[in-house]
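*Asks:* Construct the complete structure from the given sequences, taking the supplied hints into account.
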Amino acid sequence: GGAKETPVVPGGKPTIRLLTDATGIDDKSFNAAAWRGIVEFYGDTGGNTSRRGAFYDVVTAQTQDMYIPNLKQAADEGYDLIAVTGFTWADSLNEVAPLYPDQNFMIVDVDYVTQPNVMNFVYREEQGSYLVGMVAALQAKEDGIANPRFGFIGGVPGATITKFEMGYIQGIRSVFPNAPIVDYYTNDWGKPELAKAQAKSWYDTGVYAVYSAAGGSGNGTIAQAKEYRAQGRNVWAIGVDSDQYADGLYDGTKSSVLTSMIKKVESSSLYALHAVENGTFTGTVVAMSLADDGVGYSAANPELSKNVIAQVEAAKADIINGKITIYGTYKEALANNAAPAGLSARDD
Amino acid sequence: MNLFFNAIPSILMIVSPILIVAIGGMICERSGVVNIALEGLMGLGACATASAHVLMETAGMGAPSIWLALLIGSLVGMLFSVIHAFASINLKANQTISGTGINLLADGVTIFAAQVLFSADRTRGFRMGMQTDALGIYPTVYIAIGVVILSWFVLYRLPFGMHLRACGEHPSAADSVGINVKGIRYFGVLTSGFLAGLAGGCIVLTQTIQYTSNTINGRGFIALAAVSFGRWRPAGVAAAALLFGVAQALYLFTGGIPALKALPSEVFNIMPYLITLIALVVFSGKNYAPLASGQPYEKGAS
Amino acid sequence: MKNRLSGKTLSVSRRLMDSQGFTSLMVVLLGFLVGTILVALVGRNPLNLYKAILQALTGYNVDNGRMNVRYIGETLNYSVPFILCGFSLAFAARTGLFNIGGEGQYIMGMTVAQVIALLGPQVPFLHAALAIVCATLIGALWGGVVGLLKARYEVSEVVSTIMLNYIALYLSRIICLQLPGATTFRTANFPTTAVIDNSFLQRLTNNSLLNSGFFLMIIAVVLYWFIMEKTSLGFGLRATGFNKEAARNSGIPVVKSIALSMAFAGAFAGLAGGIVALGSFKYGRVISGMDNYGFNGIAVALVGNNTAIGTMLAGFLFGMLKNAQALMQGKQIPKEITFIIQGLIVVFISLRSALDLYRQWNDKKRLQKEVLAK
Amino acid sequence: MGYAIEMLDITKTFPGIIANDNITLQVKENEVHALLGENGAGKSTLMSVLFGSYSPDAGTIRLRGDDVKIFSPNVATELGIGMVHQHFKLVHNYTVTENIVLGMEPRSRFGLLDLGSARKRVEQISEQYGLHVDADALVEDITVGQQQRVEILKTLYRNADIIIFDEPTAVLTPQEIDELMDIIRLLKKEGKTIILITHKLKEIKAVADRCTVLRRGKSINTVTVADVSERQLAEMMVGRSVEFSIKKKPLHAGNVVLSIRNLTVKDALDTVKVNDLSIDVHAGEIVGIAGVDGNGQSELMYGLTGLSPIASGQILLDGKDISDMTIRERIERGLGHIPEDRQKHGLVGPFSIGENITLKDYFKGPFSASYGILNHPAMDERGVRLIKEFDIRAGQGTATPAGSLSGGNQQKVIVAREIELSPQVLLVAQPTRGLDVGAIEYIRGRLIAERDKGKAILLISFELDEIMNLCDTIATISKGSIVGIFAQGEVTEHDIGLMMAGTRKNEGGVHTV
Ligand SMILES: Nc1ncnc2c1ncn2[C@@H]1O[C@H](COP(=O)(O)OP(=O)(O)OP(=O)(O)O)[C@@H](O)[C@H]1O
Ligand SMILES: Nc1ncnc2c1ncn2[C@@H]1O[C@H](COP(=O)(O)OP(=O)(O)OP(=O)(O)O)[C@@H](O)[C@H]1O
Ligand SMILES: [Mg+2]
Ligand SMILES: [Mg+2]
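Chains as they are written, first to last, in the working numbering: chain D, 3 to 350; chain U, 12 to 313; chain P, 29 to 402; chain L, 872 to 1384.
Do not rely on the hints blindly, as some may be mistaken.
[Unchecked claim] Only some residues are given here: those of chain D computed to face chain U with a beta carbon under 8 Å:
| id | residue |
| --- | --- |
| 1 | 80 |
| 2 | 82 |
| 3 | 192 |
| 4 | 206 |
| 5 | 221 |
| 6 | 222 |
| 7 | 225 |
| 8 | 228 |
| 9 | 229 |
It is worth saying that the hints were derived from the structure and are not from the lab.
Since this is a predicted model, take the numbers as computed values, not measurements.
Glycine is no exception: its CB is placed at the ideal position from the N, C-alpha and C atoms.
*Replies:* Structure follows, in structure tokens:
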């Protein structure tokens, strides 16, 4: 096994191939983040990827039936580490990893590829989402809004997205225990027009902030928030995965993205690469939480009040030290009265 | 009902680009050339518009940037439609072939261009797209209405329009009275390219913040359906596009109904397509397609 | 092609020009040429493009001199749905219909194959066979509806297939979400009786995904050729395609022909869906986007000129490019290049008609010379 | 008087064919000049050269003594040359007015279409030349004869003083032909120069002053019509002596094989086209249906063959009602059909002759073995045999695509197919439309041979000549009903013409509520 065909490791750094789904490394989500971590590891930057090809590269699979062949191909070509992102890869990886026992693999967002040569990374998105929910709620309070409403837009429903929604709701409810919350799933990662129409309709009916975890569809929410803020209306979008402050910019430093739930997938690639480099790579599950700085929120928006940030930082500490429990599934959240009934979230 | 009225601006936002490109497709077919490349041309226009807008906005150009970008997008759409025009008018090729080719090509070319311009698979996000007026309506809506009225005016009130329609029905009749069939068909195809580019630009500027490979997402094909469903007439096409838009936004004003909430949410995604299909069957009957549409024109006597 | 110069010996170049196969080949080469230039223009080494293609075709890796037949297997496996979806367009095209609905038919085939795989009787061989048959049948139904709407209500097949593609996508989600063990992106694993992997082919191709679907595809190619060219059914369908009115007047049941032809078309795409579902995956997928095999089938059939052999070769080309695409990216060639090459090839197919025009012009010139010389 | 048009040494080639070989045609000012020739003689090509649709390979054109280069129809139009094409160049869903002004529309001040003044102008011209048509009617709703008037009006609207008519009478009824002759005379009186292409000698005798005869791309002669007989003209045209009258054995009618009872057929718009029509056809008999185009003849055929559903009534074939049967079942029961529109209903263009000849029984007998597998050799065998038997001229034998055949040969393929099936009843519509003398002779002969074999034939033709000569029984149709049935010889062409003319006032069938 272990078709190490090109053990040329110039400069002693390990080599890595990132495999992505059809959206590629510019998805602004985990692929982009994983890529960022890789690039950073070699001292390159997004604009200058001079070591690409020599140390690291990426292959995008157009369809899901390319997953297994792409994994095998990468193993053939001999990289020190092969990285995949997202639960859609889990089955393929589970099948391929045992065929190449000497090959190191890592996967993000999954904790059940229990092979000795696969490092699993899972993120506690509900924690980061809790913080951004709280940011939104506190900012609303700060703005003197008596009974603010909040919205959540998801892409295709599923357990992962539900973690985002539940954390967000609990964050809001920690400030306004009875805040009305609405949600909507576009059922499609690429329909920004639906997200935009929904966000507009919500903003028009008094929703203060809309958090979207909907891939490309989320762009619609940001676009709508930009327009309304430019018109002087006090509504916000909340970004996801990476800091979307810049995406929300509409005038100078003014951004319609109040904050973003940041999921640092780059830390996974960095973590795994360092492990390979130091010879400590093992097949484990690595949980990335607030404590590990794996998730977080962005305070980039200058309109965010210091006061809000201070309170959120306090909550962050409480989450880390376990004083605050956050439920990641709708079932649990409902059972603990932490989320309202009638939402579209799904736990599977 | 109130919900419905609130949703009108969103519906119009969704409908406008579809309507603009559908009118383009209609004019093209009326001149005798079927253009299934609308989808790809929209993508090219959208990508060009987004890129131009980002670059000009960054360069400090103010509000005119949007309009200039829109024009650039339209021109790019038109430019690529020349391929289709040349293949189907000069080479008398099967019109579905070059159309399909452009659709495939657009997938590659747009992302490739984004790679070259922004080193990414998508264009950089722009700061501000189009903004609504006091009524909450986007300029694209007025553009769309303008395009519909203008197309009606040109087709039915100008001698040129009469020539154009004749080329789609009976090109050799048109030829025999000295009408330049090739020229008019070029006009038809290039107009559809221009309008497809414009529609693509309208989509990026009103519905999102950048161009991605997913931005058009089948709307060029929906426009093709609207042309046929609208019976190749401006008002009909407008009605068809509107119906589709309303069905798309159905969730917004019926989503609150508890009985409907029990349904799988995918039902709402299916609605626009199902309603259009049913409407097509219900309003079926005579075939209203221009007689010569889709057939290359061979000059000849007899 | 009308050849009014009978009796004269034709030059070799002229004979080549007359051959559809040759022009297709030239068009493909032209597409690659432009693609190569583009690669060079963005500062990458075009040689890598061809290294990737060579490896996808032969399994030979130029860089390290190793051979791995698995790549051939993957190329063949990717080709299967391309070819079958190509037939979906081609079959309809031969009856005068433009079937953009391959994608929807493919999705429905995939969906039903998954349903049967998870709920059907777990009898070896029969289980998988049933799933494949049902996938083919639902494809036939999904296409046949289009034919019926067209024949009975004059609903343009272009429009109805577009609608049915999207309906299929979301319907598939609704259905698959009800299947055992369904999460939002997958179902439970298939029982082993349902999958169609083939240990012989796997051994032969060093464990590629190539599966029994390959044989089904070969059968489909033969069937397509046989039905079209050799049976009275195909005769009636082709007659309908060329001249619906004359076919009707001759007693050929045109409504039935159109519905039947769309059903056959759908069956091919449905089969593709079934093969991909049971051959390339061990669990059911709850899809949230399209695989685009159906759409690409349009291009495949156009390049293959709707013939059995042509479509098969074009499908191999697309399968090869798909496999090469992954190899290329490892060599820093942008993946968009393959889309651009595919698009260019299809655009250049129009050059076939340019050749016809040239031929006519050439004949005319020659004849004029002959006439004026007299 | 000088020449209005001189075409000198015109040569025009098409791939493989010299359509015009050094032809010279000189047309005097204000004469009616006929251009006579068999199909493919090069008449249309020559006129297309004159009208600027084709450019000649060699030769010059002079207009009233001056050399002109006519490189497009626009130039021809500007020079005052107009052409009424063999196949009308009319946009079906445009009104009469729109069609007439198309390309030269009157415009209002802002460049808008001014259909109001267009209409006035059209009405004024039609008044002046007595060419009455409803200016607001859609072209698809008017009769063929009226459509031809629209074509003539188009040339007049463009101020043509030289008007070319390409086979104008091929599609007209006898009355319409007479009217056209009157129109031509009137045009001549108004000072126009007319070039008239035709195969029909009678027409030349009726209106033409001089006549140029073309044969196989060459001009044979130009004669003054008054000086030659029809027979002489015909011989010049075909290059041999011709037989005019048809020889036919006396009628031996058998049982009624086809009985049409109270048949009503509606068109797609639910208009009654065939109205309660009844007629019988006996074995060994040819029944002809004479009538003005548009009185339900086509729909009668569609109803009988099954191309259209029938609204009510019965069609009895050998006593069995076939009106609910599919087209194929009717064919199986012995119903043959030579359709009016041979391109549309008769042939599959890209299919070979062999395939076209088995189009109705390919799924049976020797052509398809069990399990529906085609037997190409059997098809080819039949093709070869019938090509020989019916003297079909085809470059690549049985493999020749039917679409590449000439009109006459296409018709022979259809006739061969139908006769080969040996149906009890043969429905025949316009069997010789647009064919040349030789082909006409041949096809009429075959029909009579079938009759003599005891087949029942129902013939529809707009050419009274054909009806009078071929048919044992003649029926006249009007507004979808039979208005009179006579035995051959009982009536004169004139009587039938009148009967048909009597129905001319409101054409287009009866509208239901
Ligand atoms: N566009 C063309 N391309 C090739 N050959 C042509 C074309 N048009 C005419 N021909 C050839 O030229 C010959 C002369 O044709 P033309 O149409 O002038 O004959 P015609 O005398 O008008 O016959 P008809 O009585 O059938 O109208 C025909 O036999 C035909 O073979
Ligand atoms: N546009 C064209 N292109 C190529 N060939 C043509 C064209 N038009 C006519 N022809 C050829 O001209 C030949 C004669 O055609 P046409 O219809 O004029 O027959 P015809 O000479 O009138 O014969 P017939 O007397 O049997 O009616 C055919 O073989 C046909 O292939
Ligand atoms: Mg002819
Ligand atoms: Mg002619």
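*Asks:* Determine for every hint whether it applies to the structure shown.
*Replies:* Against the structure, the hints come out as follows:
1. A distance limit of 8 Å between C-beta atoms decides the matter here; for residue 80 of chain D the minimum to chain U is near 26 Å, and the interface restraint is violated.
2. The interface hint given for residue 82 of chain D is broken, as the beta carbon of that residue sits about 26 Å from the closest beta carbon of chain U, more than 8 Å.
3. Restraint check, residue 192 of chain D versus chain U: the minimum CB separation of about 3 Å is within 8 Å; hint holds.
4. At a threshold of 8 Å, the smallest CB-CB gap from residue 206 of chain D to chain U is about 6 Å, leaving the interface hint in force.
5. Below 8 Å, beta-carbon pairs count as interface contacts, and residue 221 of chain D has one with chain U at about 4 Å; its hint therefore holds.
6. Residue-level restraint check for residue 222 of chain D holds (minimum Cβ-Cβ distance to chain U is 6 Å; threshold 8 Å).
7. Hint status for residue 225 of chain D: holds, given a least beta-carbon distance of 5 Å to chain U, under 8 Å.
8. At its closest, the beta carbon of residue 228 of chain D sits 6 Å from a beta carbon of chain U; the interface hint therefore holds under the 8 Å criterion.
9. With a cut of 8 Å, the hint placing residue 229 of chain D at the interface with chain U holds, because the nearest CB-to-CB distance is about 5 Å.
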